[in-house]
Amino acid sequence: DTAVSQTPKYLVTQMGNDKSIKCEQNLGHDTMYWYKQDSKKFLKIMFSYNNKELIINETVPNRFSPKSPDKAHLNLHINSLELGDSAVYFCASSPGQGGYGYTFGSGTRLTVV
Amino acid sequence: GIQVEQSPPDLILQEGANSTLRCNFSDSVNNLQWFHQNPWGQLINLFYIPSGTKQNGRLSATTVATERYSLLYISSSQTTDSGVYFCAALSGGYNKLIFGAGTRLAVHP
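Residue numbers (our numbering), protein chains in the order written: chain A, 39 to 151; chain B, 2 to 110.
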């Protein structure tokens, strides 16, 4: 039973399109995150939600919009995709304060052509 | 803010060798974690280690928070240990992880 699941695993799309990535966790965690891993493997946080409330919003283009319908789900919608958006996007969750139990999904490899 | 530096950036080992990976962080942290990203891209949480020493099989980790560093030891390396090892420190009150650039490990048979 997958703890943090993301769909799709791979996404190839043309510049200018709009796409969404979905994430679900069955761990009962309160906090969910989106991280971006670039081509050099560098990982950086984008957003975080705690119980459906946005608590971290890093310097990310406003073409990226997260949505959390409930605390088990966190989706990422990207408008007007650009070549530079190509990356691996990881969803993660953690139970609460302190960062113990941080669990990552398997990632979504987005390729913009 | 917290900065996290890892060394070495790349490491090549023969199967059976031991290795030590280092993580330095720039500010006092109350949370330090080690992750392994396998060749398929999956990120696995290895250790939650704000201080002290922990062991899990052939892997162990030590964090000396007062001196702002953490070490990951891999003993008797196997080809399945290949991948990228990241350390990450918690920043602020919202569980934001600041990752180092990683150590890319290749273990050859």
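Bear in mind the hints are in silico, worked out from the structure with no lab data behind them. It is possible that part of the hints are untrue.
To be verified - Derived DSBU-like pairs (lysine-lysine); straight-line CA-CA distance at most 30 Å: (1) B:Lys55 x A:Lys90; (2) A:Lys74 x A:Lys109; (3) A:Lys82 x A:Lys57; (4) A:Lys78 x A:Lys47; (5) B:Lys55 x A:Lys105; (6) A:Lys82 x A:Lys105; (7) A:Lys109 x A:Lys90; (8) A:Lys47 x B:Lys55; (9) A:Lys74 x A:Lys90.
message: Would the hint linking lysine 55 of chain B and lysine 105 of chain A be met if the CA-CA limit is 30 Å?
response: 37 Å, violated
query: If you draw a straight line from the CA of lysine 74 of chain A to the CA of lysine 109 of chain A, is it 30 Å or shorter?
result: 21 Å, holds
- prompt: Does lysine 47 of chain A pair with lysine 55 of chain B here, judged by a C-alpha cut-off of 30 Å?
  reply: 33 Å, violated
- prompt: Holds or violated: lysine 82 of chain A with lysine 57 of chain A, Cα cutoff 30 Å?
  reply: 20 Å, holds
- prompt: Regarding the pair lysine 109 of chain A and lysine 90 of chain A, is the alpha-carbon distance no greater than 30 Å?
  reply: With Cα atoms ~5 Å apart, lysine 109 of chain A and lysine 90 of chain A stay inside 30 Å; holds.
task: Could you grab the alpha-carbon distance between lysine 55 of chain B and lysine 90 of chain A and see if it respects the 30 Å cut-off?
output: 34 Å, violated
- prompt: Do the alpha carbons of lysine 74 of chain A and lysine 90 of chain A lie within 30 Å of each other, as the hint requires?
  reply: 20 Å, holds
task: Measure nothing beyond the straight line between the CA atoms of lysine 78 of chain A and lysine 47 of chain A; if it is 30 Å or shorter, mark the hint as holding.
output: 19 Å, holds
message: For a C-alpha distance cap of 30 Å, please report whether lysine 82 of chain A and lysine 105 of chain A respect it.
response: Judged against 30 Å, a Cα distance of about 19 Å means the pair holds.
Hint compliance for this structure: hints 1, 5, 8 are broken, all remaining hints hold.
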